[in-house]
Amino acid sequence: MNYSDSNKTRRRFLKNITAGAAALTAAPAVLAASSRQKLFLENRNYDARPYAANDQINIGLIGCGIRGVLDMKFSLEVPGVKLVAVCDLYDGRLDRAKELWGNDLFLTKDYRELLARRDIDAVFIATPDHWHQTMFMDALKAGKHVYGEKPMVQQWEQGQAIITAQKASGKLCQIGSQGMSSLGNEKAKQLYEDGAIGEIVMFDFFSDRYTTEGAWQYPIPPDANPQTVDFDAFLGNAPKVPYDNTRFFRWRNYRDYGTGVAGDLFVHAFSSLNYILSSHGPDRAQATGGLRYWKDGRDVPDVSITLYDFPKTDTHAAFNAAFRINFIAGSGGKGGFRLIGTEGDMEVSQTSVVLNRTKLSLMPTPYALGAFTEATQKKILAEYAAQIEKPRASALATGSTVWEAPAGYRGGNYDHTANFFKAIRGERKIIEDPTFGLRAAGAALLANHSYYQEKPVRWNPEKMKMI
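Sequential numbering from 1 applies to the sequence shown in the numbering used here.
Since the hints were derived computationally from the structure, they do not count as laboratory data. Mixed in with the good hints, there may be bad ones.
Claimed, not checked - Only pairs whose alpha carbons sit at most 25 Å apart, straight line, appear in this in silico BS3-like list of lysine-lysine: (1) Lys109 to Lys240; (2) Lys171 to Lys359; (3) Lys82 to Lys171; (4) Lys189 to Lys38; (5) Lys171 to Lys378.
All chains should be built: construct the whole structure from the sequences, respecting the hints.
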């Protein structure tokens with residue numbers, strides 16, 4: 001019986017605890033056997049410094065829809081940040097920008113006019129996916145720092161051009177998977193690296209939705225028409241079709257402009273998973289699903305299940321992952337993000353981590369022994385007991401520990417945008433650069449390739465391309 005790999009991980013975990021640094025964070029979960037503890041995540045020290053007018057970071061927003069408005073909400077809470085320009089293709093959103101942020105804004109329907117302004121230091125790109133590559137590259141070439149919404153690309157083949165453009169520009173680029181910078185992610189990464197769950201064997205992600213909004217049936221304003229919406233500009237390089245309000249305001253439902261559940265939701269899970277494990281991602285994917293309920297003209301599935309294979313690396317064992325989305329979940333809205341290891345599991349969110357550790361049952365039970373004589377049973381039990389490492393039972397404590405964000409925590413959305421601005425000021429490093437962004441997007445988009453080709457697909461996570 002060989003338990004060497006698991007024992008190495010366990011010994012590393014216990015060694016880290018006694019070493020000192022991890023003792024204040026991980027030790028309670030391991031040393032408190034058969035218990036359930038509640039602890040607080042370490043709070044953020046938020047920047048409250050005043051900034052002079054000439055030290056402001058001036059930003060422009062391209063795409064003033066749902067995500068763009070939220071990005072600005074959190075960005076403008078960061079000290080020393082000023083919004084000076086907004087671009088959108090619908091008049092009503094430009095009017096909304098003035099309501100939210102004042103009449104002094106520069107407003108345009110042509111993003112190139114925004115990029116041409118010399119007073120803009122950085123831009124936020126929150127447009128439909130099919131515009132990402134073009135706008136990312138144009139913004140970098142214009143000398144702007146870029147915060148670009150996920151997924152970084154609509155097609156994985158577009159990613160290398162962005163990586164090259166960012167390096168050539170000397171500007172910073174951060175991809176917007178908001179949970180990346182959260183307290184929950186940071187704690188999960190620390191616990192994983194300390195060996196808290198042993199060797200990872202499975203990852204489980206799911207998102208159940210049961211609302212029209214959750215299924216991307218966003219409201220369409222009554223004044224939307226060809227005079228108030230620049231539909232041709234929206235189409236860009238996508239196939240030309242007649243004016244259609246539904247395509248413009250519910251673009252996520254169409255392959256021409258979006259990336260389905262893979263690019264909208266899977267990519268968030270991949271960003272966090274890759275961060276926690278220091279992983280480059282999977283090397284194989286197989287997807288299934290279908291359009292089960294929301295038959296409203298969309299051409300992407302509303303139920304999707306994809307299985308991914310992750311190869312063994314220096315930072316994690318080989319493991320399997322299941323990603324599941326259901327837009328018509330009669331059970332109600334729920335979600336989960338769970339790493340399952342040889343000695344425990346972690347449930348992770350932006351604001352909490354739940355660590356569960358259990359003892360592995362190694363001894364045979366009456367179920368397996370019942371067919372042997374009493375004498376044989378005693379011999380078998382003695383042989384098992386001699387082979388099982390004696391320190392294991394006492395060293396591997398069990399129980400659950402819950403870490404929760406303290407009161408006043410502003411959340412992953414704020415942390416991620418604040419990280420971007422701190423990086424521009426030279427105070428931090430970008431946490432999700434274009435290479436990281438391509439690895440997350442590329443892995444997520446494998447689900448689409450497998451689903452539409454109706455076969456498994458392979459991916460090279462190092463070279464970031466399909467095989």
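We went through each hint and held it up to the structure:
1. With a C-alpha separation of about 19 Å, the suggested pairing of Lys109 with Lys240 holds against the 25 Å cut-off.
2. The hinted pair formed by Lys171 and Lys359 fails the criterion: a straight-line CA distance of about 50 Å is larger than 25 Å.
3. At roughly 19 Å between alpha-carbon atoms, Lys82 and Lys171 fall within 25 Å of each other, so this suggested pair holds.
4. With a CA separation close to 19 Å, the supplied pair Lys189 and Lys38 stays within the 25 Å bound.
5. With a CA separation close to 70 Å, the supplied pair Lys171 and Lys378 exceeds the 25 Å bound.
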